[in-house]
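Visitor: The primary structure of each chain is shown beneath.
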Amino acid sequence: MTVLQIFFLIVALVILGSSLMVVTTRNLIHAALWLIVTLFGVAVLYAVLNAGFLAVVQVVVYIGAIAILFIFAVMLTRKELRDRGPQLNRGWWLNVIIALLTFGGLFWMLQSWNGFSKTAAAFPSSYDALGQLGNALISPNAFVLPFEVASVLLLAALVGAVYIAFNPPSGDSRK
Amino acid sequence: MNFWYFWFDPINFIARWLTGLLTGWGLASWLTSLIIQLVGAVVLISLMMVFDIFLVWVERKVVARFQDRLGPNRVGPFGIFQPFADIVKLIIKEDITPDGADKVVYNLAPVLSLMSVLLLWAVMPLAPVIFGVDLNVGALYIIAAGSIGTLSIIMAAWASNNKFALIGAFRQVAVLVSFEIPMIATMLIPTILAGSMGMNEIVQGQQTVWYVLLAPLAALTFLIAAIAELGRSPFDLNEAESEIVAGFHIEYTGMKFGLFYAGELLHAFTFGGFWAILFLGGYHLFGLENLGPLVAVLILFAKAMFGYWVIMWIRYTVMRIRIDQMLAFNWKFLTPVAFVLLMLTALMNALLRPASSGIYIAGMLLTNVVLGWIIVEILSGFGRRERQKAEGVATAAASAHR
Amino acid sequence: MIPLSWFLILSAALFSIGLFGVLSRKNAVAILLGIELMLNAVNINMVSFWRYGDVSQMAGQVFAIIVFAVAASEVAVGLALVISVYRRRNTVIAEELDLMKW
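Protein chains in written order, with the numbering used here: chain U, 1 to 175; chain H, 1 to 402; chain A, 1 to 102.
Don't read these hints as lab results, they were simulated from the structure. Some hints here could point you the wrong way.
Unchecked claim - From the structure, some residues in chain A lie toward chain U, with a derived Cβ separation under 8 Å:
| hint | residue |
| --- | --- |
| 1 | Leu-4 |
| 2 | Glu-36 |
| 3 | Asn-45 |
| 4 | Gln-61 |
| 5 | Leu-81 |
C-beta: ideal position from N, C-alpha, C; glycine also.
Given these sequences and hints, build the entire structure.
Guide: Set out below in structure tokens:
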């Protein structure tokens, strides 16, 4: 058991534990905060996988924007400051069985693949992964088209979200 | 002889000595390197917190001078022991947790707020050989650490169980998230000019000419966005003392408030340091930094103090801006300016890079000056139209009354 | 060294937990939280396949970045819808939004 393996096990425990808290806790704000712990664990995992840029982008996009959006939405959609009543549907034990079946199915399908337990090749020390990623995102024979489509998607989402959630102020004219 | 090694490369010297000591005691090598890295982190954090005490004194003296008074001058010569008196006062205050507050979140928020500031010091290059980590995504790491601070504001306000705190936090988080965009866009400009996002490379790229001469408009825009990110006046809605008492940290007393306050001051100084690193040349000063790493650290801190002084100057001079004016300023003015500047800089950089350095500098400077002049012309056109509309209404009203 | 199977098992487990969250929660915002967990599990898969395969093929990381963008836009529009529904019907419990049920 090398140090890296023990570290990975700790991070994996943190991720799974906090995601269990996300789906079972009663207090919704606590669920959003546990989601932040999960996202942080995933960012650490990206750093372990030598994808440093993705780790930082995960913190900026997910924790800095999406998690804060969740907290705002939870605060704006409640009649009082506390949660009441059961938070899980009736028959949630059936959902546990479905989740376990999904996990079992994925595991069975993966372990019949012969590359399942391969170990990582050493990361070439002078490899400029960040530069290669940048080149891949804008080079015409690589991924410039999905990149541009993703930006159009973000623009559509921006306009759509503003329009849907817009509350025109009563009385004075829109500026 | 040993002193010479220590003077020119202090961190590695101490690390080698500690490694020899710890392996001599029989520790495994991974444990030794882990302990040395932990010791380095603790030393850096302690030094920054001690410097924070000095910043409290600087802040109070400078605000006093701006307001034409003397400031603290009783506790020690020039009042230099005033921060220690402040610390003692904060520690002996009663520690109140409001009724109905979420205890874990309430106590975690000030810790996270200070943590997000201390994390920033891990990537700042203090000298050519003194830095925490040489991340190749250092500029983006700054934004990431800033978003943890944003999170701590929401946590503090929510856990306080207080509607005024929530109002302050909503406004402050809206401002923080909005002003991240022009900050990232203008932070990309030194990245383009240096060719890398790593802070070390950005400082190295300013060896011949500082980036403030190549992109003054970007430096100005970054400063404005940074002041908004800090939550300082004129963007200080989170603690509009005349409106919502103390904003998101109303319910915090004693040393927890002390953590917020110290974190805010250190954050301002850190952003002064970032402004110095990104635009004012970091530790470069006409070759003086080659005298030794400690000289370079002093040069960087002097430039960071200059940046901090500019931030304080703006704070104590300009009036507070309303929240809708602030957001309109960001989305209708600062973000388009930042994006246009980014595109122009990338274009001019690609066009002028093969030319000689004199033409390069002149070309970049000219681009910024022309863009600034165009912006001023557009704004004055708007202003003229508004004035004519107001005067037209006034003369119509005057002629109707006659 | 960490075998690839550990990462894949972790992401399968995270996906199943997210699936459980989507199926069993009443509050619409909590359902969106479960969807976020599933998207993160997919991302872990992408990046670990990039690392354990040919590191010079950037498809894994590019796909992960596209998933970031899609997740962000989906959360934004989804939460805008939830807030708008709350303004009209004064509830966000998924069971009570049943005007169009048969």
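Visitor: Tell me if A/Gln-61 is really an interface residue toward chain U, meaning its C-beta lies closer than 8 Å to one of theirs.
Guide: Because about 5 Å separates A/Gln-61 from the closest Cβ in chain U, which is inside the 8 Å limit, the hint holds.
Visitor: Under 8 Å, Cβ to Cβ, is where A/Asn-45 needs to be relative to chain U, so tell me if that hint holds or is violated.
Guide: Nearest chain U Cβ about 10 Å off; hint violated.
Visitor: Please verify that hint: A/Leu-4, Cβ, nearest Cβ of chain U, below 8 Å or not.
Guide: 5 Å, holds
Visitor: Closer than 8 Å between Cβ atoms is the bar; does A/Leu-81 clear it against chain U? Give me holds or violated.
Guide: 6 Å, holds
Visitor: Hold the hint about A/Glu-36 up to the distance rule: shortest CB distance to chain U must be less than 8 Å.
Guide: At about 7 Å, which falls below the 8 Å cut-off, the nearest Cβ of chain U leaves the hint on A/Glu-36 intact, so it holds.
The structure shown violates just one earlier hint, number 3.
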